[in-house]
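Q: So the sequences go chain by chain: A and B. Once you know that position 58 of the first sequence is 58 in UniProt numbering, the rest is easy, because the numbers rise by one and skip nothing. Once you know that position 196 of the second sequence is 196 in UniProt numbering, the rest is easy, because the numbers rise by one and skip nothing.
Computed beta-carbon distance windows for the label pairs:
no. : chain 1 : residue 1 : chain 2 : residue 2 : range
1   : B       : 241       : A       : 282       : 40 to 48 Å
2   : A       : 267       : B       : 87        : 53 to 61 Å
3   : A       : 338       : B       : 107       : 15 to 23 Å
4   : B       : 200       : A       : 201       : 18 to 26 Å
5   : B       : 158       : A       : 310       : 38 to 46 Å
6   : B       : 187       : A       : 24        : 38 to 46 Å
7   : B       : 107       : A       : 120       : 36 to 44 Å
In silico EDC-like cross-links for lysine to aspartate or glutamate, where the CA-CA straight-line distance does not exceed 16 Å:
no. : chain 1 : residue 1 : chain 2 : residue 2
8   : B       : 155       : A       : 202
9   : A       : 123       : A       : 202
10  : A       : 385       : A       : 239
11  : A       : 384       : A       : 245
12  : B       : 155       : A       : 45
13  : B       : 155       : A       : 201
14  : B       : 78        : A       : 310
15  : B       : 200       : B       : 165
16  : B       : 138       : B       : 109
17  : B       : 143       : B       : 109
18  : B       : 78        : A       : 311
19  : B       : 110       : A       : 310
20  : B       : 145       : B       : 168
21  : B       : 110       : A       : 311
22  : A       : 87        : A       : 382
23  : B       : 36        : B       : 249
24  : B       : 155       : A       : 46
25  : B       : 92        : B       : 11
Everything labelled a hint here was simulated from the structure, so no lab data went into it. Quick reminder that beta carbons are idealized off the backbone N, C-alpha and C, glycines included.
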Amino acid sequence: MNISVLDTRYTLVNTKEMEIKIDENGYYGEFGGAYIPELLHPNIEELKNNYLKISADPEFQEEFKALLKDYVGRPTPLYLAKRLSAKHGAKIYLKREDLNHTGAHKINNAIGQALLAKRLGKKKIIAETGAGQHGVATATACALLDLPCKVFMGVKDMERQKPNVERMRILGAEVIPATSGSKTLKDATNEAMRFWINNPDDTHYIIGSVVGPHPFPDMVTRFQSVISEEMMAQLQEQEGTNAPDYVVACVGGGSNAAGAFYHYLNNEKVKLVAVEAAGHGLDSGETAATTARGSSGVLHGFKTLLMQSEDGQVTEPYSISAGLDYPGIGPLHAHLYASKRGIFKYVTDKEAMDAGVELSKLEGIIPAVETAHALAALDQFEFKKDDIVVINLSGRGDKDLQTYINFGNY
Amino acid sequence: MTNRIEQIFQEKDREKLTIYFTAGHPKLEDTTIILKALDKADVDIIEIGMPYSDPLADGPTIQQSSMKALANGMNLDKLFEQLADLRKLTDKPVFIMGYCNNVLKYGTEKFCKRCAEVGIDGLILPDMPMHEFKLQFKPIFEKYKLKNVFLITPKTSEERIREVDAQEGGFIYMVSSSSTTGGSWGDSPERLDYLKRIQKMNLKTPRMVGFGISDHEALSMVNQYADGGIIGSAFIKALDENDLERSVERFIGKIKPPSPKKAP
Ligand SMILES: Cc1ncc(COP(=O)(O)O)c(C=O)c1O
Numbered sequence: 001m002n003i004s005v006l007d008t009r010y011t012l013v014n015t016k017e018m019e020i021k022i023d024e025n026g027y028y029g030e031f032g033g034a035y036i037p038e039l040l041h042p043n044i045e046e047l048k049n050n051y052l053k054i055s056a057d058p059e060f061q062e063e064f065k066a067l068l069k070d071y072v073g074r075p076t077p078l079y080l081a082k083r084l085s086a087k088h089g090a091k092i093y094l095k096r097e098d099l100n101h102t103g104a105h106k107i108n109n110a111i112g113q114a115l116l117a118k119r120l121g122k123k124k125i126i127a128e129t130g131a132g133q134h135g136v137a138t139a140t141a142c143a144l145l146d147l148p149c150k151v152f153m154g155v156k157d158m159e160r161q162k163p164n165v166e167r168m169r170i171l172g173a174e175v176i177p178a179t180s181g182s183k184t185l186k187d188a189t190n191e192a193m194r195f196w197i198n199n200p201d202d203t204h205y206i207i208g209s210v211v212g213p214h215p216f217p218d219m220v221t222r223f224q225s226v227i228s229e230e231m232m233a234q235l236q237e238q239e240g241t242n243a244p245d246y247v248v249a250c251v252g253g254g255s256n257a258a259g260a261f262y263h264y265l266n267n268e269k270v271k272l273v274a275v276e277a278a279g280h281g282l283d284s285g286e287t288a289a290t291t292a293r294g295s296s297g298v299l300h301g302f303k304t305l306l307m308q309s310e311d312g313q314v315t316e317p318y319s320i321s322a323g324l325d326y327p328g329i330g331p332l333h334a335h336l337y338a339s340k341r342g343i344f345k346y347v348t349d350k351e352a353m354d355a356g357v358e359l360s361k362l363e364g365i366i367p368a369v370e371t372a373h374a375l376a377a378l379d380q381f382e383f384k385k386d387d388i389v390v391i392n393l394s395g396r397g398d399k400d401l402q403t404y405i406n407f408g409n410y
Numbered sequence: 001m002t003n004r005i006e007q008i009f010q011e012k013d014r015e016k017l018t019i020y021f022t023a024g025h026p027k028l029e030d031t032t033i034i035l036k037a038l039d040k041a042d043v044d045i046i047e048i049g050m051p052y053s054d055p056l057a058d059g060p061t062i063q064q065s066s067m068k069a070l071a072n073g074m075n076l077d078k079l080f081e082q083l084a085d086l087r088k089l090t091d092k093p094v095f096i097m098g099y100c101n102n103v104l105k106y107g108t109e110k111f112c113k114r115c116a117e118v119g120i121d122g123l124i125l126p127d128m129p130m131h132e133f134k135l136q137f138k139p140i141f142e143k144y145k146l147k148n149v150f151l152i153t154p155k156t157s158e159e160r161i162r163e164v165d166a167q168e169g170g171f172i173y174m175v176s177s178s179s180t181t182g183g184s185w186g187d188s189p190e191r192l193d194y195l196k197r198i199q200k201m202n203l204k205t206p207r208m209v210g211f212g213i214s215d216h217e218a219l220s221m222v223n224q225y226a227d228g229g230i231i232g233s234a235f236i237k238a239l240d241e242n243d244l245e246r247s248v249e250r251f252i253g254k255i256k257p258p259s260p261k262k263a264p
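Put together the whole structure using the sequences plus the hints.
A: What follows is the structure, given as structure tokens:
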């Protein structure tokens with residue numbers, strides 16, 4: 001196989017006319033925008049005016065892609081999972097983001113933004129994290145690039161994800177407990193934004209998914225788009241076509257899905273399947289299925305579909321997977337849902353845990369619990385035997401060992 | 001009829017004070033008690049905080065008062081119920097301050113209509129961008145004669161400040177420094193420069209300075225360079241659940257001792 005992330009056929013900045021695309025105010029259809037206090041305006045404006053310029057700069061591209069190759073270990077393999085394929089009666093490929101350094105796709109974005117922050121002249125980095133994966137990725141990028149790093153994490157999540165807290169500390173990051181509100185990812189994000197308001201001059205906020213005020217969703221999408229960029233070349237080589245019939249990915253905020261969908265957004269032949277966590281079930285009142293149970297609203301500086309009360313108070317979602325436990329969804333995905341371009345599926349805790357164990361036994365790969373949601377959604381399709389299905393295997397299950405042990409279904 | 005807001009700012013020779021408090025806090029039914037106490041006290045404008053689960057621009061004090069109010073059962077229908085007799089309680093200008101999402105979810109039109117019905121003068125939604133205001137909100141605000149209040153900060157460009165001024169809001173909310181609400185004050189040459197710089201711009205909209213003011217000295221200082229000061233967190237901290245009216249009276253008495261003349 002001869003694909004290189006330096007391949008100029010695939011540029012990070014896609015200038016082609018697209019149907020699904022972001023407008024100048026940061027909207028995908030009716031979702032997105034920048035609902036921010038004036039206090040954040042200068043930072044957001046600076047980012048908006050520079051992110052495309054910087055990320056399209058050949059020197060930036062070269063440095064970014066060299067790190068993705070030599071440090072992260074890209075390109076990640078596209079692996080034909082034979083036993084899983086036999087079970088589902090289709091050609092099922094796994095895009096192995098789990099093999100990235102630090103074990104998930106999050107590192108693509110963390111390195112991209114850390115490099116961008118340096119070019120903006122920023123001296124310090126902040127980030128939020130839920131499960132700790134984005135926090136670890138950011139702490140890693142900051143160690144690599146010699147930037148001091150603070151990671152905000154809900155105190156509840158710090159208890160649930162102790163090993164990742166220590167990982168961040170070993171990497172030299174300061175973990176700051178978020179004690180406000182419900183003390184989880186939503187509040188860690190609020191705290192990070194408040195810190196940014198109070199420290200606007202020398203700090204860049206590396207947001208962890210395709211969420212937040214414009215230009216964050218677009219910027220993170222572009223940094224993650226390396227996933228579908230590689231997929232195209234790999235499918236071309238292995239299948240003689242660069243487009244699959246299905247791309248399937250789990251959606252918390254939606255960054256791994258955005259990256260896996262990006263180059264196919266306007267190729268109608270490719271079905272884009274976004275899988276959300278149903279928690280204990282869509283009607284249980286304990287779910288994180290934002291598109292199924294949410295309504296239009298504004299949180300963390302953007303308009304999206306949101307889990308909220310009648311009165312517009314944001315409600316706490318539930319999922320066994322801390323990485324999918326977010327009350328909103330990126331504006332791109334809200335638009336894919338509203339426009340019906342995306343196919344949205346919902347998977348319960350139990351279905352996900354079973355699918356995680358199944359992949360372990362069939363293919364020798366223990367997936368992250370987030371990723372297991374994407375795998376479980378396969379049962380909701382009837383494939384044709386020639387269908388090419390790519391699952392974005394967003395992360396590995398090492399961090400979830402305790403969850404697997406507690407669930408005990410193996 | 002000159003409206004209530006204009007009238008306040010026509011009185012040039014005295015220090016002006018706006019007080020913010022969170023509705024439904026400390027106890028659910030305290031909203032009207034605090035309103036009445038503020039009406040009696042030497043306060044010019046009242047801001048009623050509509051509690052939100054995720055108040056991005058607020059520091060710990062207002063975060064906590066908001067969480068408590070929500071836990072007390074505060075919601076928008078309840079708020080409008082409590083404000084049904086607002087205009088029997090006070091003649092002072094009253095603004096509602098909160099976050100976009102509550103208004104959007106309630107329905108902007110319905111929200112504004114109810115504000116107008118109870119006699120609210122205007123709204124302060126710190127996370128509403130200018131662009132969205134013009135697109136989604138302005139026509140509805142105008143229909144119900146509600147004034148909008150935009151925030152500016154020391155980092156807001158002159159161009160943007162002119163744009164805000166052109167919107168003819170109730171007043172311009174000058175955020176005192178780059179911080180969330182309830183920050184510290186202290187001497188700051190940058191802040192003084194900022195206050196002077198904006199004063200020299202000769203804006204047609206009155207200016208009130210807020211975020212971090214907690215004592216008489218700071219309030220007097222901002223009154224020298226702007227049309228008044230806004231106090232929120234320090235007021236909320238001073239509220240005594242067991243002696244609400246007296247604690248309001250005591251706080252205002254301290255922050256605004258009798259007969260202060262505006263410095264020349
Ligand atoms: C392995 C993995 N997959 C998916 C996610 C969800 O994030 P996103 O929807 O942004 O890809 C996370 C978040 O922590 C994760 O760790």
